[in-house]
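Student: Each of the two chains sits in its own frame; use the hints to bring them together as a complex.
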Amino acid sequence: MAKRIDVSGLSAYYGNHRAIEDISMTVEPRSVTAFIGPSGCGKSTFLRTLNRMHEVTPGGRVEGKVMLDDENLYGAGVDPVAVRRTVGMVFQRPNPFPTMSIYDNVAAGLRLNGSARRKSEIDGIVEKSLKGANLWNEVKDRLNKPGAGLSGGQQQRLCIARAIAVEPQVLLMDEPCSALDPISTLAIEDLIGELKEQFTIVIVTHNMQQAARVSDRTAFFNLAGVGQPGKLIEIDETQRIFSNPSVQATEDYISGRFG
Amino acid sequence: MDIVNSPGEHPPNSRQPAVTRLGDRVFLGMSRGSGILLLVIMAAIAVFLTVRAIHAISLDHSDFFTTFEWNANLQPPSFGIAVLAYGTVVSSLIAMIIAVPVSVGIALFISHYAPRKLATPLAYLVDLLAAVPSIVYGLWGGLYLVPHLQGLNLWLNEYLSWTGIFHKSDPSSAARSLFTVGILLAIMIVPIITNVSREVFRQVPKAHEEAALALGATRWEVVRMSVLPFARSGIISASMLGLGRALGETMAVATVLSASPVLSARLLDPVGGTFAQNIAAKFAEADNFGRDALIASGLVLFVITLLVNGAARLIIARRKEYSGANA
Ligand SMILES: Nc1ncnc2c1ncn2[C@@H]1O[C@H](COP(=O)(O)OP(=O)(O)OP(=O)(O)O)[C@@H](O)[C@H]1O
Ligand SMILES: [Mg+2]
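Quick note, the sequences are listed as chains R and Z, same order.
Sequential numbering of the first sequence, starting at 11, is according to this note's numbering.
Sequential numbering of the second sequence, starting at 3, is according to this note's numbering.
Don't take each hint at face value.
Stated by the list, open to error - Listed below are the simulated DSS-like cross-link pairs for lysine-lysine, each with C-alpha atoms no more than 30 Å apart in a straight line:
#, chain 1, residue 1, chain 2, residue 2
1, R, K141, Z, K208
2, Z, K208, R, K241
3, R, K129, R, K155
4, R, K155, R, K141
5, R, K13, R, K141
6, R, K141, R, K129
7, R, K241, R, K206
8, R, K13, R, K138
9, R, K13, R, K241
10, R, K75, Z, K208
11, R, K206, R, K129
12, R, K155, Z, K208
13, R, K150, R, K129
14, R, K206, R, K150
15, Z, K208, R, K206
16, R, K138, Z, K208
17, R, K206, R, K138
18, Z, K119, Z, K208
19, R, K206, R, K75
20, Z, K208, R, K13
21, R, K75, R, K241
Derived from the structure by calculation, the hints contain no laboratory data.
Owing to the predicted nature of the structure, the values given are computational and were not obtained by experimental measurement.
Chain Z on its own, in the form it takes in the complex (with noise of 0.2 Å):
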């Protein structure tokens, strides 16, 4: 066998100089120039975005991140954020919690443990689910979810109020909380994480659940040492694809709670808000100036989700050197 390489002979990596085509340029040249064009137009809007935020919170006669009442109108105006900020995480999180493992637990489902006869019809009916518009979710949830729900709530305030969390303050109060908001919300993002979920599932090699299997690992058990390692990064981004819908989600959230400003860590109580309901609400009534006072709020939204999925690309990062992709 010859080892060496003949004198003269490029090692397979290095760069030569490149040869240029007249096609390749105008690719390059389109490319590159839509990429630039991207950037500057996102930047400008960034900025304008911006300017208009500090503007608004400038004039801000109480503070911006403390505050409870959203009172842009009023002279001098007084708005805050502390409410909103609190709803849309809690009832993020609430729909997190409750979504997740359902979404894998279904993902697997459809992936590794339904014939084939009811895994793909069942594959497409999630897929269906999940291009149904929010709205027809939020009228569903302010009409059917809220006053079924109300059983739940009084079972919980009966057995958990103890938590503190679980107390109904007035249990004869309907149930337009904070915690059905995450339930309507879990249900809204279960059929994007399932999607997802169900696609990395689909993509773990099979030299991998192989190698379970022949050690005599039961299907569990391939799910557990092959699969979900393998997948672990996939859904991580599944969850996140799907904290971003709950995050900025208005309709479902419009039609269920009764937005009033206080923040309180009973979720059961028919009280507190979230930054697009907020936005949705007060946009009709709004002047210019309220506006401004708006699009901060909408920016603070947005900074917690870039720091959310900041956070996710840390936990996938982290374990790079084990991640099974380049396997």
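With the rest of the complex left out, here is chain R (with noise of 0.2 Å):
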């Protein structure tokens, strides 16, 4: 259930304005994969090239390759709408749909292109999702309330939930923890440790501790200058990122020297 991703020559665009350039790499299966670097560097305009986000912003638009095992997601006659339901994402700020009871939330995904299901099925797939998000305990007794009615943190792990209900190959998370207090930061971190047995997750975040904790591999991502794309500068064993990077401008970052 989990897939490598494998990207080659990938730059992306703003109408004209590029604001990543030839990124390759491979995120391995099974495995958490950071993405740090200073702010504007494209780490989230990257992650949204995974699953065909990016382009939903007007004037977006991609070149390269993004391979999923051996699928081009860009390849012709690829329906970006498939494409988002082998890969899913969390966003920063929680964003459960504020309409619809918990229940609902989680089961949003399942009821989508026209897959009908029972109700014993469902019922079944957002007790195992809300309980793989960690969130069952608290919320089994008001499935039927408004999502909009958790706490920020539960709501972030409600979004991991109706993620994960639709089970994708890939989970991407664009700095999930970054609007949440750190009890709530530590219950999700756990959660990304557990949700790694079953899926390749990659995670944006701006907290180096946060990268060291919970990623195997860390890539580094910056930008020459305002104005400039912004590149992969290098990916490795996260240990190896921390304690013995190959490129200084990566070391300079970790130790706070800019950035």
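Tutor: See below:
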């Protein structure tokens, strides 16, 4: 249930502005890969090219190849809707559907694309996903209450439950803890550790300790200057990146000497 | 991290004795004063109208609510609003049934489907249509729409007359019916409802739409999961705005309908009337008492509008817990 991502020669544009340039990397299945780098270097942009969300932005355009095992996500005739079902996403700010109950939020993806399932089957998946997101015990008595009534950390776990309910191959997370308190952050970090047994996980974070704690591999992005496109500087085992990176800029960034 | 408040620090929301500044006090006085003035003026108007209306109704020789004819100038006067209330409600209902789905569709097309090159001029066109005075719609309706709807009327009569409501008693009569009025009203209110709905659709937070997209929703599913639920109360408000215009519309009805005091379920028959059209038609020839009687009918229209608005607010409030406004 987890796939390898193989990116080669990928650039992404907003209109005429090239936000990221010529990125190539491999993301291993059943592992956590962290993206770090200064603000504006294109981490979010790159993440969104991995499930074809980038092109949703007006003017958004992508060049290059993203292979999910042996399928090119940008190949001719590939349906972006199908891609997004395989590659799930969790956003920086928790965004449960405000008009839906907790239950319906988790079930939302299951009801898409005309897939008709039995109620009992959906019940089962909702429970399993909420348990998978470590939220079940907190909400099992109020599944029919609105999802917007939960705390920020609970909402974020609800969004994770919603994303894993459709059983994606890959889970992309864009700074999933940046709006949360330390305790909720810890809960989500633990969760990421559990989820990687099943999914390929990519997480963007500004928190070095977090990257060091949760990820197996870390990719460092940087940009030469304002208005320049962001680039991948290096990607390696997290331990190596944090102890003995092969590029000086990485070490400078991690030790806080810039960025 | 320091979680405990240091002693003596106010929690941010506690009300502190306000420090008043001159500017604040002047502004407060002005806003409070104009608020009170407005209320007093409105109360005065309401009292004035109600007193005259009750006076007229008390002298009505027949039952005000069930009588069909409007003969306020007779001795003794005999008038009632049954036909008018029925015609007003039915024509507005027809207008809403047609206009709301069409408007929501156009608004969605502009905000979520059309490429920008098409959406901008289209939105501009709708704005323009909303600004056209109703007399223009009225003239166009009376001169153009009535003859051109005859075909539709006959078609409905041929295939749907078994329903009763689409039975045309005299197929040769012109299409000056409540049905035609409803269609014209629909055309008139589509631009307003479209305008307001489009504005609401535009304000749907990106985060909600992206949540649906990232789950693998198609464009229509995004609309269904994120856009429509968020915009629901806005669509209702927009519809109420349109309904308000439809209920009070005068010229468009006066130019189309051949008014006659018949209350008929057959929507294609050229009979009926509405409050506004009746007031416009009878006002010139009315004496003082006749005018009071017309005021009474106007008040009933006002009450109907209030009731409809209240119902809409109830619908909006019922699901406040789930409203997207605070997310
Ligand atoms: N919607 C957009 N339209 C135009 N340019 C954009 C848009 N979003 C991002 N950009 C530009 O693309 C570049 C990369 O932005 P991106 O959001 O990917 O950076 P990031 O690394 O995620 O930053 P942060 O750490 O602050 O989230 C920036 O120069 C930004 O100005
Ligand atoms: Mg970002």
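Student: Any hints from earlier that this structure breaks? Give me their numbers in increasing order, please.
Tutor: none
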